[in-house]
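> Count the sequence shown with full-length UniProt numbering and you get residues 1 to 485, in order.
Hints in this document: simulated from the structure, not taken from any laboratory.
There is no bait here: all hints are sound.
Here are the simulated SDA-like cross-link-like pairs (lysine to any residue), alpha carbons at most 25 Å apart as the crow flies: (1) Lys231 <-> Lys339; (2) Lys336 <-> Leu230; (3) Lys414 <-> Leu425; (4) Lys231 <-> Ser74; (5) Lys402 <-> Glu88.
Each pair of labels, with its calculated beta carbon distance range: (6) Gln15 <-> Ile466: 31 to 37 Å; (7) Thr123 <-> Glu404: 57 to 63 Å; (8) Val458 <-> Pro194: 39 to 45 Å; (9) Lys416 <-> Lys282: 50 to 56 Å; (10) Lys201 <-> Asn232: 48 to 54 Å; (11) Lys282 <-> Val352: 41 to 47 Å; (12) Ile348 <-> Gly185: 53 to 59 Å; (13) Asp443 <-> Val353: 29 to 35 Å.
The structure presented is a predicted model; accordingly, all values stated were derived computationally and were not measured.
Here a beta-carbon is modelled for each residue, glycine too, at the ideal position from N, C-alpha and C.
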Amino acid sequence: MSDNKSVDAVNKANQITGFQLFAMTTSMVMTVYGFAAFAQQGPTALFFLFLASILWFVPVTRTSGEMASINGWSKGGVFTWTRHMLGEQAGWSALFYQWVHITVGMCTMMYFIIGCLSITFKTPALDTNPLIKFILMMIILWGLIAVQQKGTKTTGKIAQWCFTIGVIFPVFLLLFLFIVYLAKGNPMLIHITPKTIMPQKWSGNVLVGFVPFILAFAGAEGSAAHVKNLKNPKVYPKVMLALAVCAIFSDIIGTMSIASTIPHDDIQLSTGIVYAFGALLKAAGLSAGAVTMLERIIGLLLAIGLIGEIASWVVGPNAGMHEAAKEGYLPARFSKSNKFGIATNVMILQGVVVSIMAALLTFGAGGDKTNVSFKTAMSLTVALYTLMYMLMFIAYLVLTNKHEDIPRVAHAAKSKVLRNIIGVLGFVLSAFGFVVTFFPPADYTASQAHTYLTLLVVAFVIVFIIPFIMYRFHAKWARDVENNK
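Use the sequences and the hints to build the structure in full.
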């Protein structure tokens, strides 16, 4: 009887609504701070957004929705999908690459949060003093890990509120300010025509510039491990459809609002999005004092939105990693969960890895070699993540062509031909992103390019083989897990 009560308590602590999963997933994809980087591309951003959203993001959401709707596949996310279609090693590798890629990603998110808070509290030292910055990063990271020990339901609530306050409100505010800007008779600073939208030449730099648009939509599958926690798991495909629509429109609105109203040379990256709001507020006729005050408020809102994103990333891949640990892909200690069913040990492991990466990136800041190392670390995560997507799309194509008999609630498309096209498009663009990652940045000298490529290839090979080395211990770890039950 007590066991049944315990199971019921765990289920209750982790049960989430469709909107909460939507908020968690959308928090992992919709990032307001990326608008400024897109806006720097000018009208061409529309073309890139169209390609990335229709030819890549829609395939990701549709295939994820179909695979998660298969009975018994609602646990583990990409680990479960890939393992069933491509074998255990492929499934474990896909999950491992997904889990590793977010280590650097979390650091950059926390950098943005701290940058916004430095504006909000008018304290530049928060963003310029490495020690203070690192301490704040640890407070954010470990604070979120601690808060989420009471179940996925807590994460759902965090994501729901952070998404509403830090994503929905800023996007609608940006749209409103853009409309006010045009209504006051101000000119659009870019001209949108078929000629200006298309890239003028297809050089290597243009191809490299396309990758961030693909990555802007990455992460849709990250919350799939929580389908099992939904009150009604059948709504997951609808959640993914709503995600696709919202993410595409928000990126278009945000990008065009900034590109059309702020001179190209004045568009700043990182916390520049806060000042982009400020420029629009000034154009709306507000006084300098009011603009400064609202910039500080907007900085706080954007920071809150990013906190929701990190919270979702903390529990997303970790839930899949916990499912893998319970089957012996990690040492037995990582298969355990607390009384609320949360993989505390896996979260602590991720926290340690992110903390080490944060220390390396924060205290090593400055200097030519360090900047190359930082960009290399970012590129490594891109290479690993796109590799995971390649495995996921291969798994989907195998499912479509060899296992039509497996019942599922949803399909990516009614036609098998169209489902194959969706899978192939997703794979090709993922492979494209993977290959282009190894192109050195255009502004690098020959020496820097050589260092970048050498570091990236060596680091990629090392991380690439780690899951295969770990798999050699799978049988032993699986026995240990079984003995500890």
